[in-house]
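Here is what each chain is made of, one letter per residue.
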Amino acid sequence: MSTQSESRFELDTIRERWEPRIERFKRGWARYTTHKMGVIGLVILVIYILWALFPSVFAPHEPAWKAYVGYENTRWTAEQSASLPHPPAFGDPFFAPLGTNANGNGIYTLLVYSAKDALYIGFAAGLLSSLVGVPLGLISGYYGDTWIDETIQRIVDVMYGLPFLPFLVVLVAIRGVNTTNIILGIAITSWLNNCILIRGETLSLKERAYIESAKVAGASDTRIVFRHIMPNVLPLAFVFLAQDAAIAIITQASLAYLGLADFTANSWGIMIENVKAHGYIYEAPWWLIPPGLAITSIAAAFYFIGFSMEDVTNPQKE
Amino acid sequence: MASDDPEPIVEVQNVSKLFGTTQGVTDRLLGRDPTPVRAVDGVDLTINEGDIMGIAGESGCGKTTLGKLLVKLHEATHGTIEFDGKDISDLSKTERNEFRQRVQMIFQDPFESLNPRMTVFQSVMEPLKINDIGAGYQDRRDRVKQVLNDVGLAPAEAYLDEFPKELSGGERQRVAIARALIVNPDFIVCDEPVSMLDVSIRAGVLNLMKELQDEYGLTYVFISHDLSLIRYMCDRTAIMYLGNVIEQGPTSEVVMNPKHPYTEALFDAVPEIDPEAERHRANVTGEVPDPRNPPAGCRFHPRCSNIIPPEGWAGSQEAFRRVFQFKSRVLQDDLDPEEATENAASESTDAILERGLALELPEEHSLDAEASRSIDPSVLDLPADAERTLREAAERLLEGDFEAAKAEVEDEFESICERENPAVREAGTQVTACHLYEEEAGEPVAPGVSD
Amino acid sequence: MTRISARYLGKRVVVSYITLLVIMTLLFALLRSMPGTFLASMITPEMTPEQIARLEEVWGLNEPLWVQYVDFMVNYQTGEFGMSPTRRVPVWDVIVRRLPRTLILFGAGFIVAYIVGPLVGMYLGWWRGSRKDKSIFASSLVMYSMPSFWVAWLFIWLFNYELGWLKSTYMFTKFPEFEWTIVTTLTDVLHHITLPLLSISFVGWVGAMLVMRPSMNNVTEEDYVFLAQAKGLSERTVMIKHAARNALIPVATQAIVGLAFLIDGSILIEQVFSWPGIGELIVSSVLEKDYPIAQASFFMLAVIIIVMRLLTDVVYTYLDPRIKFGGGQ
Amino acid sequence: MTLLEVNDLSIRYDTGDAEVHAIDGVTFSIDRGETYGLVGESGCGKTTLAKSIIHLLDHNGFIESGEVWFDGTLPHWEDENGDPRREIVEDDRYPVRDDGMTDLAQLDTEQIRDIRWRNIALIPQSAMNALNPVYKVGDQIVEAVLRHEPHTPEDEAHQRARDLLERVGIEPDRADDYAHEYSGGMKQRAVIAMAMACNPDMLIADEPTTALDVIIQDRILDELDELQKEFNVSILVVSHDISVMAEICDQLAVMYGGKIMESGPKTEVFQQSANPYTLGLKNSFPTVKDEQTDLVSIPGSPPTLLDPDDECRFLDRCPFAVEECRSSHPPMYDVSAGEESRRVTAENPQIHRSACYRVDELETMRTEASKEETWQATTQNR
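Residue numbers (the working numbering), protein chains in the order written: chain A, 1 to 318; chain B, 1 to 451; chain C, 1 to 329; chain D, 1 to 382.
Just chain A, same shape as in the assembly:
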């Protein structure tokens, strides 16, 4: 008897637990789609995710492809070499819709293959800074006006006194230039905003009568934090995650520009840096503009998503 009723009980619990959430999500989604900006952001993001997952489907060549010679290991003629970087060419003398760089690699191909790097850095750094910032903000807010809060806030205060980019430069210089370190560095400097904002939100949530009501009902601190505060804070955390991702991608490009990047990787930031390194800023706009636009569009996509979500999760509008 017991097993049957137990499983039924569990099933009911699951249903009871998830039904309202699913409904909430549906409603949220319906409201999200009313934001044109958010939908555009999502579309851009999906395109880049597809690029990252299946680059070979979207790119005409492998990254190793070179103009005129393809994958052959032969040398260019002087004439061919002089024509590089080559403006967009559609099958004559080769196919490179956005032209090539000075090494003869197709710009469009590189663009597609670099999407992975940008998304990886964006998500990893965003997640990491949320993972540090959100819990600290929650703790700081929930124990507001105690020594715990005070300590965290003093740390944040000091960190705000640091010039971020120089700090990153030094950090990456110490730890070695590779993607992981860049992500770590970005996360270390960007959790501050999350922490402060989540703290503020928690502080105001803490004063709500329903928190007091839960206390009167006998709820423990953990229950209050996880059942009553967290669900109200998490949507906001996602908003910050999106913004952090955007900042991380731009920052990584900036570091690459300063010469602090893993130059073996494919990355939009490095592509721009190469334009300068080869001295083609004025002569090869087809090389300079696309990677910049790619960075802009993915960062903008993250911002679009973030701000649309902020609107959706704004409790005043629910």
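If you're looking for bench data, these hints aren't it; they were derived computationally from the structure.
C-beta atoms are modelled at their ideal positions from N, C-alpha and C, and glycine is treated no differently.
Hints may be right or wrong, so weigh each one.
To be verified - Here are the in silico distance ranges between beta carbons for each label pair:
| hint | chain 1 | residue 1 | chain 2 | residue 2 | range |
| --- | --- | --- | --- | --- | --- |
| 1 | D | Pro133 | C | Asp71 | 48 to 54 Å |
| 2 | B | Gln317 | D | Ala337 | 54 to 60 Å |
| 3 | C | Ile115 | A | Asp145 | 34 to 40 Å |
| 4 | D | Asp17 | B | Thr35 | 50 to 56 Å |
| 5 | A | Lys36 | D | Asp17 | 16 to 22 Å |
| 6 | A | Trp76 | C | Arg97 | 45 to 51 Å |
| 7 | A | Phe263 | D | Asp58 | 53 to 59 Å |
| 8 | A | Trp76 | C | Gly129 | 55 to 61 Å |
| 9 | B | Glu420 | D | Pro153 | 27 to 33 Å |
| 10 | B | Ala423 | C | Ile18 | 27 to 33 Å |
Knowing the structure of chain A, use the given hints to seat chains B, C and D on it.
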């Protein structure tokens, strides 16, 4: 409604609650001194089983803080609160769990007191879950349905999966009541439970609360600023002012036969629905002072119409009240000689006197000679030496020597009301904290004995 | 400015000073954990161990760590930044020459960004939800997403290379054909600073706008804005005098974060335009492993941020009369 | 003499999918020096109605139809006596009537700004937050003076502000303080002083005492009373608090669901209530002095007003509803005729009127309404 042999269920003894006593590290480093707010200050209160105890007062008087102390949302800074004979600040884990089940609270704002991300079912069931009551999901669901029916949300199924924002204010407050009732409590603190509700809905919730009291055998504390609601709901009433309970007793007595001048003013100020009713305006001056820096002695004395003249005061009480105001204004730099003499016809010290002795009162309480914030001192029954002192002070003010003016009045016109905080004394069927009743009552009494 | 008491200001200075000390400690730890000692660049393979030891002695590296730390803290506060191992000149001299240039560029950028940002934020917040708001907001987010150095290049390409209007490198003309008078100097600097300034503020203003817009939107629901309308004031007066003035208060708080963001921006921009400031210095010195210079530049940037934060505090008190620093609440 | 005459005014809010009929065909009039009360529960449209007079609706609200005649006109349409100039009255392009009244509903945004505060001032809901925190209180009063009387010298305007503050019992020196340095009651007084800055003919007081404690409320009501006597200003009070209304109003309109249910002289409305809603409302209101009778609530909740049907707005909650009530919302009937069991529609907005088809059965309605069972029966029926 009170039972014949009242058993105290809650006893509050000399309880105080101070806010803002803690300091941050930087504050300490920088040597900032905290100025605590004495939200509740030395309150004694006994609540009998089966009673509805009303706590009334203006905003900032500490009534909500007192309510939260009773349910242990705040810890008292001083004093003890006993629930069913046990000090609630000193409970074992099991006792604390029991306390949490037996004592519940209903909050003011039904739009805030329910988690917007939880359904009605989840909200009402939460206390069961926390206290591990009920055998399994189905049992709990049944209990929830029953309580929802009890609070008038029928059929319960229709409400179970609703979110708070889909409900009206009245419905939300009923859900909040259901949430409090589901653990079968004995004692519920209701903090302004209907103040956010519309009038036509309000009566329904109030009546429901009365019905449930019988059904569930409840004791209520009913906190409200609305005295007519207190009158409607409560058996006994305590009036609070600046953290003190200044009067308590049976509701009808407190309302119809108030002892403390503040209580009297408070009830005078309530407008009447009957347009023909003859109503008095409240005979008080000024506004509630800053609770960070409450007046010495009786908290109410700066506004009181019945302030007691010192022994040997030759004039009338009316005159003393004005003289005392004059003194306070001088001491607080509130009397600006330039303003006073600017558009006055008479000589300047007269002008200052005329202005400083005037009280800002509703027409029915001000003297005939008192108009547009000035009064002719000669109509007051002012002893000659008092007038001399006042003139001296006015003279100093004119000279711009404010310190000397203060010195002039500082040690004069001392009332017992500003010196001593009155003890709680019996007066009629009530107990009250006012120096007026010192002589007739004799010894201070313990609260709650007066029944 | 009567609301801000000298005592409060004193306290703020003390707190800022403590923050600076903590940052310096961090800096010390950071630079000591650089791979190799900061002498790495001076040590050549043909040096004998004795020579290396002598070098270390000269640079104070043979002392115990805590002595180095104390020396560092004391020296830095007296402006004693040591010698640059690569340039062979006192670090102080290099910093002092470069600091004003950074201040000019960064300061101008800050001012432009915090005039444009709140202004646009004010309009968008007032007309929140309108078509105009939506399109301008989306476009400014796109601007915010652009890597500033890339924008700078586009500007250079357009205004310098294509149109030839403005200069793209340095702060002054290197070998001028004109006399240095006040007028020519100013025009010359203007010629040089416009593009970098444009590049910094192109991205920088959005941060302030992002705070002003919702703040403005909240303020429009306040009763005093409603009352101002009921008074019969014109829409402009209500928007600027009553709404925007209040909405500015959170922007002052945001400026603390925005500052760091703009400093980052100006470092990149200095790099692009070879603007001879601290930012350019810090990057090149890190790459050259000239740690004393990197350290000192970092320190100077931290000082700039901390001083600016202090100023923000003052502005804050000016904006919000409810805040009385130094007294109770 | 009539100061304000509202004719068949309807106001809608556009919510995208549907329109909220916030105000529906409301007619009333206010005399000079009179206090007129609009009483009702939240969402009944009382605030919307008051704000619409000077076009202070939210951005999605608009006047659908109706007229708001006001005895007063734009400054540049006035002659030296303050009356509209002859040629303006005669010209059909201007919304000015022969008797010199102006239809405020037809003025555009720029024009209504000249009416605001100069002719009709407003004490907003929660006046506590109505003072701008970043400006000195005195300066905010000066601002109002200079807006409408631009030729006033600055120091004269400042002196006026100080006098006004003193008039409402605030030390003139406090004009140089900021709002946060004022106590709650003082803020309220300051707003009242500000409202009197341009000597308006009419004050709109939107829940003027709701946020205040009783003793301060008492004082403010006293203050309003005195001001009215002194300046002969008309006051349109909006409140949900019946007892406040009972105290200060001369005339009263009880609103429900965007309609006026009952209106007339205060004492008549309170003592010879002739509408089920008013009767219900009185039942649910406790008083402090009288021995308590049981309170009875009106079952159900107010209508949403989203594209409402034609039926009587109170139908769903009314224990006296009959078939006729479904046909359309009742017109305003003359109550004195009702007392004689006759049903006569009343045109004069000043007399005691009630919107109920059963106005001819007042006796029954009044006795039934005082019984608790009557009201509970409705809940069981649905």
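request  = Go ahead and decide if the range 54 to 60 Å is satisfied by the Cβ distance of Gln317 of chain B to Ala337 of chain D.
outcome  = holds, 56 Å
message = Assuming the hint says 50 to 56 Å, is it satisfied by the Cβ distance from Asp17 of chain D to Thr35 of chain B or not?
response = Holds, since Asp17 of chain D and Thr35 of chain B (Cβ atoms, about 53 Å apart) stay within the stated range.
task = Mind checking the hinted window 53 to 59 Å against the Cβ distance between Phe263 of chain A and Asp58 of chain D?
result = Roughly 58 Å apart at Cβ, these two residues keep to the hinted range, so it holds.
message = Tell me if the beta carbons of Trp76 of chain A and Gly129 of chain C are separated by a distance inside 55 to 61 Å.
response = holds, 57 Å
ask   = Honestly, do Pro133 of chain D and Asp71 of chain C meet the 48 to 54 Å range at C-beta?
value = Hint holds: Cβ distance 51 Å, inside 48 to 54 Å.
request  = With respect to the beta-carbon atoms only, verify the hint that Ile115 of chain C and Asp145 of chain A lie 34 to 40 Å apart.
outcome  = holds, 37 Å
task = For Trp76 of chain A and Arg97 of chain C, compare the CB-CB distance with the range 45 to 51 Å and indicate the outcome.
result = Given about 47 Å between the Cβ atoms, the range holds.
inquiry  = Does the beta carbon distance between Lys36 of chain A and Asp17 of chain D stay inside 16 to 22 Å, or does it fall outside?
reply    = holds, 19 Å
inquiry  = Tell me if the beta carbons of Glu420 of chain B and Pro153 of chain D are separated by a distance inside 27 to 33 Å.
reply    = violated, 54 Å
ask   = That 27 to 33 Å hint for Ala423 of chain B and Ile18 of chain C (C-beta), does it hold up?
value = violated, 50 Å
Violated hints for the displayed structure, listed by number in ascending order: 9 and 10.
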